[in-house]
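Starting from the structure of chain A, add chain B where the hints point.
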Amino acid sequence: MRKMSSVLLAIVLVLSVAAMGFAQKKPLIAFSQCTMNHPWRIAMTNDVVYWAEKLGVDLIWNDGEGDAAVQLTKVRDLLLQNPDALIISPFQATALDPVKQLCDEKGIPLVCIDRSIDSEPGTDMYISFIGKDNTKISKELGEFVAEYLNEINGEYKGNIVEIQEAVGSSATIERYNGFREAIEQHPDINIIATQSGHGYRVEGTKVMENYLERFPKGTIDIVYTHSDEMGLGALQAIKAAGRTELIGRLVTIDGQRAAIKTVVDGEHLGIADYAPYFGEAAIKSILDYLEGKPVEAVQMLDSNLYHMVTPEGKNFTENYYNRMLAEDLFY
Amino acid sequence: MNVRYVSAVIVLFCVLLISSNSAVVQAVDDNEPRTLTPLTNFGQLGVEDLETNYYALIVEWTQKSSLDSNVYVEVCYIDPRLALATDVLAGKVDEDTLEEHIQQLADIYASHTPFKIKLSHDTDAKRLDLREWEVTLTNDKGDKYVLTDVTGGNPELKASYSRGNFYQADYDVSFLTSGEQFLDSNTKWMSLSFSKGDNHYEITWDFQAQASALEMNVFETTIKILISLLTVLLCIALIATRPKVSILNERFRTNQ
Chain A
1 MRKMSSVLLA
11 IVLVLSVAAM
21 GFAQKKPLIA
31 FSQCTMNHPW
41 RIAMTNDVVY
51 WAEKLGVDLI
61 WNDGEGDAAV
71 QLTKVRDLLL
81 QNPDALIISP
91 FQATALDPVK
101 QLCDEKGIPL
111 VCIDRSIDSE
121 PGTDMYISFI
131 GKDNTKISKE
141 LGEFVAEYLN
151 EINGEYKGNI
161 VEIQEAVGSS
171 ATIERYNGFR
181 EAIEQHPDIN
191 IIATQSGHGY
201 RVEGTKVMEN
211 YLERFPKGTI
221 DIVYTHSDEM
231 GLGALQAIKA
241 AGRTELIGRL
251 VTIDGQRAAI
261 KTVVDGEHLG
271 IADYAPYFGE
281 AAIKSILDYL
291 EGKPVEAVQM
301 LDSNLYHMVT
311 PEGKNFTENY
321 YNRMLAEDLF
331 Y
Chain B
332 MNVRYVSAVI
342 VLFCVLLISS
352 NSAVVQAVDD
362 NEPRTLTPLT
372 NFGQLGVEDL
382 ETNYYALIVE
392 WTQKSSLDSN
402 VYVEVCYIDP
412 RLALATDVLA
422 GKVDEDTLEE
432 HIQQLADIYA
442 SHTPFKIKLS
452 HDTDAKRLDL
462 REWEVTLTND
472 KGDKYVLTDV
482 TGGNPELKAS
492 YSRGNFYQAD
502 YDVSFLTSGE
512 QFLDSNTKWM
522 SLSFSKGDNH
532 YEITWDFQAQ
542 ASALEMNVFE
552 TTIKILISLL
562 TVLLCIALIA
572 TRPKVSILNE
582 RFRTNQ
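Going down the list, the protein sequences come from chains A and B.
When we follow the numbering used here, the leftmost residue of the first sequence carries the number 1, and every step to the right adds one.
When we follow the numbering used here, the leftmost residue of the second sequence carries the number 332, and every step to the right adds one.
Source of the hints: derived by calculation from the structure; they are not laboratory data.
Since this is a predicted model, take the numbers as computed values, not measurements.
Backbone N, C-alpha and C fix where the C-beta goes; we use that ideal spot for every residue, glycine too.
Possibly wrong hints are sitting among the right ones.
Okay, the calculated bits of chain B under chain A, using three or more residues with CB under 8 Å as the criterion [said to hold, decoys possible]:
#1 386–395
#2 482–492
EDC-like mimics (lysine to aspartate or glutamate), calculated; alpha carbons at most 20 Å apart, straight line [to be verified]:
#3 A:K54 with B:D455
#4 B:K395 with A:E327
#5 B:K489 with A:D58
#6 A:K26 with A:E53
#7 A:K261 with B:E391
#8 B:K489 with A:E53
#9 A:K54 with B:D453
#10 B:K457 with A:E53
#11 A:K157 with A:D133
#12 B:K449 with A:D328
#13 B:K475 with B:E511
#14 B:K489 with A:E327
#15 A:K314 with A:E151
#16 A:K314 with A:E143
#17 A:K54 with B:D501
#18 A:K54 with B:E487
#19 B:K447 with A:E327
#20 A:K136 with A:E147
#21 B:K527 with B:E463
#22 B:K489 with A:E280
#23 B:K395 with A:D328
Incomplete in silico selection of chain B near chain A, CB under 7 Å [claimed, not checked]:
#24 T383
#25 G495
#26 N496
Only chain B is shown next, with the shape it has when bound in the complex:
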């Protein structure tokens, strides 16, 4: 009787421990946050892995949306790491010029915030004029800048897997941010809005959401660890307070 009792408690303990721990592992795997953190400290900017990370940076910083009636917009924030990777791939930077180049980038970002904007339409190349739109950059601190510096925009025929053939105009744009760096380490979000007449579209890079996801993940993990610990303590308490064999035998004899 007593042996069965202890065995049952130990089995229960193991099952609960394994299930709660696997739940923790599962939670970590499923909710692994993608860190979308703009580089704001140019002292951290190096060339390690930049060549191989070039497309990963583009994927990370690109957002897509549709503008009115079948015009699509793809916006990529040119994070300083992406700017450097582009220059490295183009052969504009080598080890000798790296330090000087990073300083130049720091100077540029102190007063400019660059993006690449692609407008596309399946058939009509004439509807891809970015200058018809008022493009505004804002952030959570209330800074607001209207786009004036636009280059490029020659429509070209492109092809992609999901869209087949379409026309696309690529623009290199830069917001002149009044002599100060637009993004800093405390920026929670930045947003780019496109306005034309009654049409208004907005694209947001939410840095806070990433931090919240991370915090939520830490919270869930902590709760699960606490539940595991409580289960262990409960099991230990049950084992410690079990009736002793001698007492059980005595009761058994008395009953007989």
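Next up, chain A with everything else stripped away, as it sits in the complex:
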């Protein structure tokens, strides 16, 4: 009888310990970043890492090295570890679309951040796309530019040169189209040149140098770049060429601290905010999904416009810049 009790007690103990271990197992989330060769991407990865630790999940991640084929291969590596969910920021929409099929086959929930893939979010295992509305943001920036040109020229008139993000990404297409939606309302405002700077500062400088050679003083009114990094590169080219008429005529998207400083200093006309902070929303969505709660298929995060043109804009921008200094924020 005593032996029987001991065996039962041992079984109960073993089961309890096993249950405790099972209950304490943290979800494992995999994250595929398309490239780490850009401060915006580094800040995004840091944010995902931060929220993983903050929300108590284990995270594995790797870098797609700015190449869709490499990223797809690295996604396969991540899926081999059987994560509970996959977060991806795809390099290109079409080339990374097979990721959905891989997740469907393995039953792994998929969340896309910043950029989507071709498949529709909310179908099968592609549970959510979390981004900012690039079309809306760039349209608002276009409207801001049109109003600014009207203010300085007395009419909606002027020439714009554009430097695009990486060719083929959903962000590039949306930032290209959204800006034009606003500009095309004014027939005398023309986008006289557009070229890709591939998202990098050095490329932004090269493209701008080319524009400055092609278009003499007085023929460019606004420089629009799809990202701050390329904008800061373009600003370098403008300063090096002594084209002072273009200082304070640059508009960009993103909102990194160095660029916000140039707005405060009057070298940059305006920035539409597209900060890379998706980690909280992505991981919370996955945790909700794993708990059986509903998750919105498309989640659009808020955005701001930083400029010094109006007193309200000046106050808002200066205050935000000081907050970045106080809290040591990069975006």
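Frame of chain A; chain B shown alone:
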């Protein structure tokens, strides 16, 4: 000959004048002093621009340092403007209660000097106990108070651009300053020291340095203006004493 002489003097005069004036402008731009002046007269405390200045006040009054082995400290003196801005942002003050609120602040600062102290470490949340340190507030007049009033301190995971992820404990602290306002308009500096065993670290807010910078700037500007004036006078003297054309012609004829 005479025309060339006068032209040369005028050109020299213009060059010197422009260069000295641009030097003055340059000096003013480069040395523009950041005025770090504690608010000590509560009659001057209003809500204008406080909401938008909130983070500017934090940046202005915050100092950072490292304590022993990878523990970092960030200290913000809660200037009355910052205290009011915080309350305005929190919705604790409106136009109806502003006057009463300012009076309450004046009463508090008459016997308390508040700071926010943040201790942080990259990985170890257990090393962030402020109570392990003796924190002392001093000023140039020799007033000295040891910290006893400490609240908060629950370590939290934080993230920042330059440090990535780290743990931070935020403390609201207040020095009980024997019923008198610690800072007045004559205070030259105040200092906060952290001591534990043999380790001693000090953070100083030097109000005098700002005043000195301002005085130095005024001195440099004055000297540059004086140099400009002397140059002008020299040029005028040279023009006034130049040989007359008739005398030069006479000498020329005599030589021939």
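Return the numbers of the hints above that this structure violates; sort them in rising order. 11
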